[in-house]
Structure formats: structure tokens, C-alpha cells
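> Sequence:
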Amino acid sequence: MLPDDWIEHRREGDHELVGWIAPDGDGFRAYDILGRPVGDGVLDWVAAEEALEVRGIGFLAARHRLRLADGSERPVRISEVNTTRVVVIADEWGSASAVGSGADVFELGFPAPGELMIE
Numbered sequence: 001m002l003p004d005d006w007i008e009h010r011r012e013g014d015h016e017l018v019g020w021i022a023p024d025g026d027g028f029r030a031y032d033i034l035g036r037p038v039g040d041g042v043l044d045w046v047a048a049e050e051a052l053e054v055r056g057i058g059f060l061a062a063r064h065r066l067r068l069a070d071g072s073e074r075p076v077r078i079s080e081v082n083t084t085r086v087v088v089i090a091d092e093w094g095s096a097s098a099v100g101s102g103a104d105v106f107e108l109g110f111p112a113p114g115e116l117m118i119e
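Numbers 1 to 119, taken from full-length UniProt numbering, label the letters of the sequence shown in order.
Hint data in this document are derived by calculation from the structure and do not stem from the laboratory.
On a predicted model such as this, the values are computed, not experimentally measured, just so you know.
Beta carbons are placed, not taken as given, at the ideal position from N, Cα and C, and that holds for glycine.
Please note that the accuracy of each hint is not assured.
Unchecked claim - If you anchor each label on the Cβ, the simulated ranges turn out as follows:
1. Glu12 <-> Gly71: 40 to 46 Å
2. Val42 <-> Thr83: 21 to 27 Å
3. Asp44 <-> Glu8: 16 to 22 Å
4. Gly25 <-> Leu68: 32 to 38 Å
5. Arg36 <-> Asp4: 17 to 23 Å
6. Met1 <-> Gly94: 28 to 34 Å
7. Asp40 <-> Pro3: 17 to 23 Å
8. Asn82 <-> Glu53: 17 to 23 Å
9. Trp93 <-> Gly27: 43 to 49 Å
10. Asp44 <-> Gly13: 19 to 25 Å
11. Gly71 <-> Arg10: 35 to 41 Å
12. Asp4 <-> Gly27: 14 to 20 Å
13. Glu92 <-> Ile7: 35 to 41 Å
Turn these sequences into a full structure, and let the hints guide you.
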């Protein structure tokens, strides 16, 4: 669930949401589109914006790994991200993009848990 004090940050130009900036003491913290911290701790406003611009959203298209409860890991692709959940699809052999593949779907909370890792 999105905290009430998180402020949207959108890219200039296309206004795509790239993350949020949240107050923290005398500064701010930046959080990417998965709700994960970006940058080195507490930042000033401009540095938080810059950190989000650098992170962007391109990393969402990369393959990720999901560590399951039994400790095993599966390759996955991110299918959906919103402020209540992150949905990933198993991607063994590139199957996530195949129509009708029947690939396993995993619904994760938001912010995305540490079990979801970029490859």
C-alpha cells in the first residue's frame, strides 16, 4: 500500500510515473516504481528527483529472479505494477511473452519484496 506522504515524481516530457519522493526528517528519500529505495539515504529534493530520473523504468523490462518460499529461484518478467501489487510471470526459456503459454503467475505485494531481484 502506498504511504500517504509519498509524492509522485513523473518524467519531464511524457509525464510517465518513475517513482515517489517521501519526506524524511530534514530531507527526502526516493522510491522507484516498485516502491524500493533509490539513492544513498536521505537526499535533498533535487538529488531525489535526479536519482529517480537515473533509475527510470527501463529496468522493469529486464529479467528478474523470484526466490520462492522453499528457497528455489525462478526467472520471471514483470507483468504489472501498481500501488497495491506487483505481478510477475515465470519466464523459463522466454515463455512469459508467448500467448497462451500458461506460465505460472505470482502476485506480490507493494512495495516489491526483496525476493524479487533483477538478474
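> Mind listing which of the numbered hints don't hold for this structure, in increasing order?
none
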